[in-house]
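**Student:** Residue-level listing of the chains:
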Amino acid sequence: MYANDRLLEVFQRSRSGQYMKEVEFDLLLARRVNELVKEYNITFDPNNVCPADDDLADRVFQAGLQLFVDMGAYHLDSQRVIKFSRAEILDALRQAPDTLHLGEGRDMVIARHRNIEDPHPPLNLTGPAGQPCSEEHYLELMISYAQEPYVHAIESGATLTYNGYDIVAGTLMEVKAVQRDAATAREAIRRVGRPGMHIGDCATGMTAVGKMAASEPVNLLRPCDGRLVAQMCEMKINDDQLIRVPHLINYGSQIINLMTPLTGGIGGGPAGVAVVSVAETLLGVVCYFATYHYLSITHIKWQNNSDPWGMYVLAMTGQAMARNSHIVWTNDPFCVNGAGTVENLYEVAGHAIIGSVCGYQEHGVGSTGGNVVDHHTGLEAGWQGEVGIAATLSGITREKANEIALKLLPLYKDTFNNPKLGQPFHELYNTQTITPKQEWQDCYRRAKETLNKLGLAFTQGPYD
Amino acid sequence: MAVVPKEIANNLKNALFQGDTDAAASATQAALTQGIAPLVLVQEIIVPALTEVGRRFEALDIFLPELMAAGEAGNVCTAIIEQAILKSGSQMHSEGTVVIGAVKGDIHDIGKNIVTSLLKAHGFKVIDLGKDVPAARFIDEAENNRADVIAASALMSITRAGCRDVADLLRDRGLKDKYLFIVGGGSITQQYADEIGANGFSETGSGAVELVKSLMTKKRGV
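The listed protein sequences correspond, in order, to chains A and R.
For reference, each letter of the first sequence is one residue, going 9 to 472 in the numbering used here.
For reference, each letter of the second sequence is one residue, going 426 to 647 in the numbering used here.
It is worth saying that the hints were derived from the structure and are not from the lab.
The model shown is predicted, which means the values in this text are computed figures rather than measured ones.
Positions of the beta carbon are idealized from the N, C-alpha and C atoms, including for glycine.
Possibly wrong hints are sitting among the right ones.
Using 27 Å as the maximum straight-line C-alpha spacing, the simulated DSS-like pairs for lysine-lysine come out as follows [as the list claims (entries may be wrong)]:
hint	chain 1	residue 1	chain 2	residue 2
1	A	Lys309	R	Lys438
2	R	Lys438	A	Lys29
3	A	Lys309	R	Lys550
Coverage of chain R stretches by chain A, computed from C-beta distances (three or more under 8 Å per stretch; other residues unrestricted) [as the list claims (entries may be wrong)]:
hint	segment
4	458–470
5	578–592
Turn these sequences into a full structure, and let the hints steer you where they fit.
**Tutor:** So this is what it looks like as structure tokens:
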């Protein structure tokens with residue numbers, strides 16, 4: 009049992025845990041996941057991507073807990089395994105917060121733990137979410153997110169250049185870019201009259217030095233904002249990530265556990281990846297002292313989570329954590345299609361509905377699998393928030409969420425192997441007025457009409 | 426040249442499909458003991474079996490652990506065969522040597538690992554440098570191992586400049602024409618590959634294998 013400082017214990021165990029080659033850990037993990045999936049009878053049915061099965065949700069949680077107890081976290085630098093006992097893990101989970109105050113002043117929002125089919129609508133904590141951005145349109149792009157009425161927080165994206173020069177991780181260029189981008193995010197929220205809005209991260213920072221360079225309470229990220237601490241696939245951590253934790257604790261900042269479990273990866277199929285996702289959430293609680301979590305499920309081939317596998321993992325891990333913990337966490341729709349396509353909005357909608365009924369706060373969107381520069385805008389991010397709220401207020405159940413998601417799927421699944429990349433921000437928006445052009449607004453209205461027919465009741469939206 | 430007996434061939438194939446390193450080692454030893462030529466084992470059993478595993482992974486009929494386990498089993502077989510070849514005074518045939526790694530600052534290597542497994546499955550010798558690899562190390566290892574290809578991967582957009590660093594250093598050290606330099610990973614596009622002067626780019630693991638094969642064919646044809 010750890011004494012009074014769990015963080016020191018994480019460090020000590022990273023230096024004294026069992027030595028293991030990385031590939032051995034991967035293969036052991038894969039084998040253990042397979043065993044647990046069978047032992048706990050966790051099954052995937054592509055016709056039921058959002059099961060309404062409380063017992064299954066509890067079994068997913070128990071299997072994930074057992075996986076973390078058995079496997080621990082792999083520390084990449086020391087090549088040792090950090091393990092915690094079941095009692096230690098559950099104790100850390102009990103200590104994790106159930107309510108967060110994000111942002112400040114009148115723009116502060118309160119993020120609470122959400123239950124399955126929770127009557128309280130989700131918040132929408134969004135932004136370019138780590139997608140690649142050009143520096144040319146960065147301020148306008150950030151404004152496009154911050155101005156959306158159904159957006160409650162923004163996250164700074166990842167710019168590629170600084171004054172035209174490549175940004176190189178771990179160099180002074182990374183620090184300069186982080187400082188510029190965090191300041192730009194703050195300028196964006198100031199310009200739209202929401203100066204206290206929570207800023208979730210500055211994704212241009214890749215290293216601990218870069219992330220920490222954003223800590224400056226006047227012009228950059230404040231204690232009421234947050235920073236990501238990431239896990240590597242699967243259940244792997246390193247010193248560069250851990251270094252951020254004491255800094256962020258001392259700064260008083262939100263710590264966000266970023267997980268990117270791969271469907272088709274080490275966890276195997278969707279049943280296994282749901283188990284891995286629970287284990288990674290617990291890892292974030294124990295090792296990163298996370299105050300909230302991003303579950304960014306990633307298909308190994310298409311880099312999305314709008315497929316049946318991704319939807320199932322989203323549904324089951326969400327329900328598992330909703331029923332067996334009090335923590336706050338978010339979903340993260342990653343789509344193969346880009347901004348400017350109605351298929352992108354359908355991908356977002358299916359994910360947002362399942363997320364909303366399975367206990368998540370909303371977060372996202374990753375368009376084009378997060379790959380193409382500037383092919384993302386505020387419109388689809390606001391749409392996610394609007395759909396999440398509509399799902400709650402329409403009383404959508406898990407059964408209904410499954411039905412809607414499966415009806416949306418044929419509208420975009422043919423694009424998985426041949427995505428529609430859409431258009432860049434500056435072609436989809438008037439960059440002076442920062443409003444979406446007619447064609448992009450038409451996609452929004454078309455998607456809304458479809459969702460309306462499928463049972464979602466919307467209130468007045470920004471582009472109706 | 427001895428034909429591989431059906432039972433041994435099946436045992437070895439099944440061991441590779443199942444990623445069973447012990448069974449793969451036993452089957453390889455048994456084949457060598459029976460006088461099967463090492464090269465025949467590689468060309469007729471190991472490469473086709475691992476190619477089939479790669480195809481199944483690309484089709485998502487199997488998942489990453491099965492691909493990795495097959496790759497590990499293949500490594501064990503190759504090590505045994507290499508020893509046998511060295512003992513006989515010959516040299517191991519390889520389709521070419523590839524030095525591969527995720528660039529400086531990038532700690533995401535699953536895509537790179539997939540490419541590594543698939544290249545090995547197609548008979549290439551692969552020197553895997555892991556992740557967070559400085560530009561100079563790619564080139565030093567290529568020099569030390571008489572490599573044909575340098576392959577750099579960058580998942581995160583902010584780390585992709587590491588690929589340019591490799592390209593620049595190859596040029597500045599006068600080695601640009603000595604190695605085929607290819608790039609890949611989530612943050613890389615064909616446009617970026619062209620911009621930094623890479624010889625090729627691939628979006629997928631199987632595409633990377635085809636790219637290396639076609640570049641090697643061109644190189645040998647010169």
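**Student:** The structure should be examined with respect to each hint, and the outcome stated for every one.
**Tutor:** Each hint tested on the structure:
For the proposed pair Lys309/A and Lys438/R, the alpha carbon gap of about 26 Å is at most 27 Å, so the pair holds. The hinted pair formed by Lys438/R and Lys29/A meets the criterion: a straight-line CA distance of about 26 Å does not exceed 27 Å. Pair hint Lys309/A plus Lys550/R holds up; C-alpha atoms about 25 Å apart against a cutoff of 27 Å. Only residues whose beta carbon comes within less than 8 Å of a beta carbon in chain A count, and the segment 458–470 of chain R has 0; fewer than three means the coverage is violated.
Only when three residues or more bring their CB closer than 8 Å to a CB of chain A does the claim for the segment 578–592 of chain R stand; here the count is 9, and the claim holds.
Hint violations for this structure: number 4 only, all remaining hints satisfied.
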